[in-house]
Every structure is written in structure tokens, then in C-alpha cells.
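Residue numbers (numbering that gives the first Met the number 0), protein chains in the order written: chain F, 0 to 282; chain A, 0 to 288; chain B, 0 to 354.
Read the hints as simulated data drawn from the structure, not as lab findings. Everything numeric in this text was worked out from a predicted model, so none of it was measured. Among the clues, some could well be false.
Unchecked claim - Within a straight-line C-alpha distance of at most 30 Å, the following computed DSSO-like cross-link-like pairs (lysine-lysine) qualify:
hint	chain 1	residue 1	chain 2	residue 2
1	B	K293	F	K67
2	B	K121	B	K40
3	F	K67	A	K59
4	A	K30	F	K278
5	F	K99	A	K189
6	B	K40	B	K293
7	A	K59	F	K278
8	A	K59	B	K221
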Amino acid sequence: MNLQTTIAATDNQHPFPWGRWGIRSVALSYLLVMLIIPLLVILQDGFREGLAEFWRQVTLPMAWHALKLTLWTSALMTIINTSMGVLTAFVIVRYDFPGKRFLNGIIDLPLAIPTLVTGVMLVILFGPQQALGAWLKEQFDFSVIFAPPGIILALLFLTFPFVVRSVQPVLMELDRAQEHAAATLGAGGWTIFRRVILPPLSLPVITGALLSFARAIGEFGSIVIVAGNIPLVSQTAAVYVFGEVESENRLGASAVSIVMVAIAFTLLMFADYLRQRSKKRNA
Amino acid sequence: MSVSSSSRTTQIQIQNSFVEWRDRNKAKLGKWILITVVVAYVAFLIVTPITALAFGAFEKGIRASIASLNDPAVFKAFWNTLWISLLVVIVHAIFGTVVAWVFVRHRFPGRNLINGLVDMPFAVSPVVAGYMLLLLFGRNGILAPIIDALGIQVAFAMPGMVMATLFVTLPFMIRELIPVLEAFNTQQEKAAATLGANSWQTFWRVTFPALRWGMIYGVTLTFARALGEFGAVLVIGGGVQGRTETATLFIYRALDERQYVGAYSAALALGLFSLILVMGSDWLRRKEH
Amino acid sequence: MFFKFSQKIILAVMLASLLITGCASGNNNATQAPASAGEVKLILGAYTTPREAYGEIIPLFQSYWKEKTGQTVTFEESYQGSGAQSRAVVEGFEADIIALSLEADITRIEKAGLITNDWRGKPFGGMVSTSAVAFAVRQGNPKNIHDWADLAQPDLEVLTPNPKTSGGAMWNILALYGAAKRGHVAGYTADDKGAQDFLLAVLKNVTVMDKGARESITNFEKGIGDVAITYENEVLVGRQAGLNYDLVLPSSTIRIDNPVAVVDTYVDKHGTRDVAEAFVDFLFTKPAQEVFAKYGLRSPDAEVAKATAASYPPIQDLFTIDEFGGWKEATPTFFGDNGIFYNVFGQVQGIQTSE
């Protein structure tokens, strides 16, 4: 057997004894059981009385408002998170300052804290009876907790690592020659940032942003504590679904869940599409 | 005329060095403004809430805080959380590797759809996840006859909580492994094969070591997420004390019982534990490079 | 081989922390005695409010049962919003005994075929404790809240839970409505229109709607809101826990009746019928009733009620769920899809919530 045939033969080898289709069926059944079946169940439940009833449940005033609230708070949060995320990544990669290592370490902290605890912490800190909350209330009639700003705050905390960690590695690998060239041509810092640094970062920025948005849509544990949950005012879609599950409006719960999952799924597919496209470009 | 031209030169030199000094300091000022903004944001958003939590936990002193955790109910809850999370990590480590392998090394129709599906649990609200499991395994659930026949209880029992946690943590391992597998150069595998290694040996001694960072980070994220799961286990488990109570559900109950020191202390312990894992693996990875 | 030395150290630390926690928890677990023949386990599913009361009653029952039969009873308890608990049982939570906030939640379990016994035939119609809807206000009552009408004043922040998930919330709304309809709210006509106008006025002031009655009152304790509409016994238990706020009893309010029942399907499945029924019967006896009274619940037992009369001032106009034709009619009328509550609630936001 010569070298070529040996190499050709190894292309078909697998570490698992059952061969190509064996391993595929293992992977597929795992995904089927863990993912596909639960999702099908919800789909079936939401549409069991037809499209008209599905739509009626979704457009009930309380449901519709909850969906709108979820979308705009998540969107606003994503904008803030993305800007601050890029800035934070930039500062950590490019600058040196005392406490930088500590800062870099705590960025991952939100991933380690259960969402329930996040909610509790925010109420302790920014609740209307605390110093900061009371002051804001008096001066600006601005309530943080038990109002949409509280929702945005909780979501900002939770999704903070996503954009930062998405941008950081790419920023680190960036070739600085172009920036230096731009500087010698007389470009100021902001121009350099906008036209030289940002474009190659656009993919990780968008991916991180979409991930934050998708994550925010489904958030429950912190929101249920922080938001006030008043229907038509401060009740998000996830909290609405919980209420419907608990009061036996299962169809409504499934219908709204389907909408939430569909939105998040579309976003994630879009992020994936961008990732694939950039890979093809760079290949 | 030479005198004025030389003084002109000096003037220009002085002007230039002043402009340089100004620009350098503008850049420096700019840099420090940015740093301050970021530090202030992180301090406000992340550090202050954690500090508030620590204050809440240690309100009556460190000893009181530790004493509140020295309770059989707390131990049971943490024990439940721990073994659910370990089980979940093991399952995902094995099957996640398989899925990542199939995804990277195989071509088949529907491959891209699978890719999107894997991210799904990330976007599904935990309440919805718990509800889906109820639809399947509740008393009137679709699979109820099967599990009744088998005599196992899924809803409002540990198996349900494990399944809920499996669902919400699914993406992490796969997402970490796919890029690592994709970047891996198969030349080494082929070389090993020509040297007479069979496929299992090749995997274990050539491919797997290269995957270790993806696996470690995947394991860490999976574990941290599993430790903190709340919404799904609340819906599918019911929070029965001693039976289906996890650490997060215990915190929830402690808050209801006005045991604030206990609640905050448990929260702090849970957070600290996850933090050690997350920061630990970060550190490991950095030491490597 | 895989890792540098420094990395091995860090890995070791991580593993160690895992193992230590695991062993500590596991050990404590292992020291618990395994179930034996002389042991039986009962699962209790209750609503959030009587948590402390059951905390004291259960040990009493355990010693009573041990003396009587020599058997050791262990309890597994779950406390959630009444509706949530009821639903959990229907979905498969195998509670042997269910103690809920309102009859409608027991009816749901009956309808699912899980309760077949005549629980209403027990003493006091199966109601093991009663309470009344009342207000929790800040110490010293700075906002001068003395009756329902005061809740509609402008710039007042009111807390009440969400009726979708909380039985307590439903009692609150019905108390409010009933008091207005019976003419005890100044400024509103004593009919449905007046009651709905009053409901609208109060709902305008609601700032937080929690999942359950207990969450609502603990929020109030954190300093949120000026007044919480809640169970009288929640306030009393909170004060017992050392928190300082005042109780205000309105002139007219609804009597909250809390039912208890054995869940037939599950006691037969677990083989715990004897113990479970004994426990339910025990709840109606003097010792248990006295504990309920101790924890802020008004006892339906006339003797215990008389003995504890000092803590429980009489209520001027006390009506019951019969005012609304029982839960059978009240639930759909008020809390159904086109129910009165959701209609009025929509008006608060200026949105039509029904077709």
C-alpha cells in the first residue's frame, strides 16, 4: 500500500466504530431529543386551534404590548451595550492602566451570576427607597426599578460580556500598519477609529450585538424581580408567558413563545449567515 | 536678513514642538477620558451590584453569613445543583463533541439549519423551556403514557430538572468546539494514520489534545450556566423543598421567607463558585498563549 | 503533557473547590437516615402565606402521630402562589395534601379527577383557616389610610399581586369590588358601575404586580409603595418577623376562606392515605387552630376565635365569596378573558382589552 492510498483511506476513518452514518445518527438523535422535539411540541400547541386563534392570542392587547416592550427595551439595550462593549474592548486591548487585569477579569462576571440574583441586587441598589433611586425619583421623577429603565439595566448587566468578548480577539489580531499609515496622512484619532479600525470589526460587533438581542428577548429571572410586571406597562413577553402558563391560557403562552423564539431564531440565523459569508470571503 | 530668517526658523521650531506637545497631550487626554468612561461604566454596572450583594450577605457579620449556609436544606439544594450540573456537563461534553465533529467533518443536506438550531436554546426563554417539558412530560403530556409505563417521574422530579438544564446549556459546548475543530489541520491525523494508528488512537492522541481549550471553555460555560438556571427548573420542578430544590430555587425561597442573610449568602457563594470556574479557565487559556 | 505546571495548579484549585463543595453537600446528604418500615413521607403543597404556621404545626403532628402509631412522619413542603400550586398538582406534582388560598384552586384539581373525596364535609366546610383583606401601611400611617376610599387618592403607590398567578390578588380585587358595591366606599355608587369606577381609580395607583402575595408584601417591606393590599395574616406575620408597619382593617372586606384537602390519586399511589387524612383532621383540632391563630389567621373554630379575640378586631361589614355567587361565577366574571378586572385594567392604560 503506497502513501497515497493510505492517505485516501484515512479520509474515511472515524474515531467511532459505527462509521459515517452511525455517528451522524448519534448526533442527530441527540439534537432531536434535546432540541427538535421540544420545539415541535410548542409549535403544535400554539397552532392547535388554527392560525386565526394563534394570531388572536398574539394580538391581545396585553400580549402585543408585552412583545413591543420586550423588543424596544432589548433593542435600546443592544445599542448601548454594543457601543460600550466596543469601547471597553478597545480600551482593554490598546491601553495600559492600573487595574486593567482586574477589569478584564470581571467582564465575565455576569455569566457567573444567576439571573435571579441579578434582579435582587438591582432592587437592593437602585430601588426607590435606596439613596440613588429616591434621589432620581425626586429630582427627575425617574423610576429605575419597576419601570422600563430597570429592564434595560438588568439586560445591560447580563449581556455585557457578549460584545466585549466577541470584539476583543479580533481587535488583538488587528494589523496596526494601516492605522499608522492613516495617522501619517494626517487623520485624527476618531477618523482612524471610524474608517480603519471599525470596518474589520464589523462582523464581531454585529454578531455580539445580535447575540445580546436574542439573549435579552427571553430573559426572565432578573426581569420578574426588577420590572414591576404591570401588564400594559412593564410586563415583558417572558413574564407574560409565565402568567399565561400559570393561569391556564396555554394556547396564549405557546403562541407568544413561538413569536419570541421565531424572532430570536431569525436573528441568530442572520448572525450565522454573516459569519459564513465572512468566512467565505476570507477563505 | 539672515538674523530674521534664523529667528523665523526658531519660531517655527517652537511652534512645531508646541503643536507636537499639544497633540500628544490631546491624545493622552483622549485616552484617559476613554479609560475613565469605561471604568466608570463597569464600576456602575457590574461592581456596585456585586458589592451590594456582598454587603447584604455580610450585614450581620461573616460568621452569621456562614452560619446561614450551614443548614441541611442549603446543602441539599447545593448538592442538587452540583450533580445536575455535572451530569449535564458530561452529557454535553460527549454528545457535543459528536455533533461538532459531524458538523465540521461531514457534508449533508440541512447542515446549515442544524447550525442555527443549535443556538436556539440560547434564545428560548427559560420559562418556555420549562413549559415545553411540561407539555411533553406533564400528567397530560404527550409522552406521559410512556413514562408512566416505565414508572419514572419526570415532571416535578429530578429527571425533569436535568432535562431542562440540558436544554438551556446545549449550545455552549458545540459553539466552542466547532471553531476549534474547523481550525484544526487534518494533516496531523493523516500522518498518524500513515504511521499505523487506528481511528480511535488518532482521535484520542492527535485531535483531542488540540480540542482541549475548546472543551475546557465549553465545560466552564456549560457549568456556570447550569449552576444559575432558575426559570426552567422553577416551572418543571415546582421547588419542592428537599426534593426538587436547587441552589437558585433555595435563594428564591429564602427571599420569600425573609431569610435575607441566607439568601444573599447563598447567592454570593453560588456566584463566587461560578466566578472561580470562569476566571480560572480564562487564566488557563491566557497562560497557554 | 497537556498543561504547563502553572496551569496544572489552577486546574487543581478549580477541581478542589468542586470536590469540597460536593463532598460537604454529599456528606450531609448521606447522614440522613434512609426510609424504613416505620417511616412514612407526606408531601404538602401549600400557598405562600401559611408557611410559618405549618412550620409549627408539622412538628406537633409528627409527635402526635408518633405517640399514636409509633410511625415517624417526614414532610416535604412546597410553598407557591395558590394558582401555581394548584396547577402544579394538575400537571403532576404528587402532593398528598393540598392547602390553598381559595376554593377555586381546589376545584381545578377536582375537575382533573385527582380529588374525589368530600373535603367540604369536614369541619367548617373544609376551610381550615380564614383571614380578611386588609392594608399594610407605613409605620404611623403617614398617608392617613383608613378605608378603601383612601386608596384612590392621587399620587399614592399601591401594591397588589397579579390575579393571573396569585390567589391573594383575586381576593383583593373581590374585596375592593364588594366593598364598593355594598356602598362602603364614599364617593361611589353602591352598584356595579360605582364598583368598576372605584376599581379603575385604585388600579391607576398600582405600581408593582408581583407573582404572589408573599412577594408583594416583601416588596412592600423593602420600602416600595405606600400601601399594600394583602391578607391580614401576611401583615401580622411580617410584624412578628420584626418588621415595622401598621395594619389597617377596612370597614368592609371579604372573608378569605382557605381550604385543605387530601389528594386521593396521590395518597393512594403513595399508600399514605391514613396519615394524610389524619393530618388534615389534625388541622381542624384545637392545637393546630391555635397555631394558625398565632400566625395571624382567624380561626373558624368559635372557641379559639373567642380566646384570640383581642388580636382580631371585629370587622364592620364582612362578606364572603357568596356575594359573587361563589368562585364558580366569580372567576369567569372577573378574571376570565373578558373579565371585569381585565376590562377595567385596560381602561387604566386607555386600551380596550375586550372585543
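To see whether the hints hold, each was checked on the structure:
| no. | hint | verdict |
| --- | --- | --- |
| 1 | B:K293 <-> F:K67 | violated, 47 Å |
| 2 | B:K121 <-> B:K40 | holds, 23 Å |
| 3 | F:K67 <-> A:K59 | violated, 43 Å |
| 4 | A:K30 <-> F:K278 | violated, 33 Å |
| 5 | F:K99 <-> A:K189 | violated, 43 Å |
| 6 | B:K40 <-> B:K293 | holds, 26 Å |
| 7 | A:K59 <-> F:K278 | violated, 55 Å |
| 8 | A:K59 <-> B:K221 | holds, 17 Å |
Hints 1, 3, 4, 5 and 7 from the earlier list are contradicted by this structure; the remaining hints agree with it.
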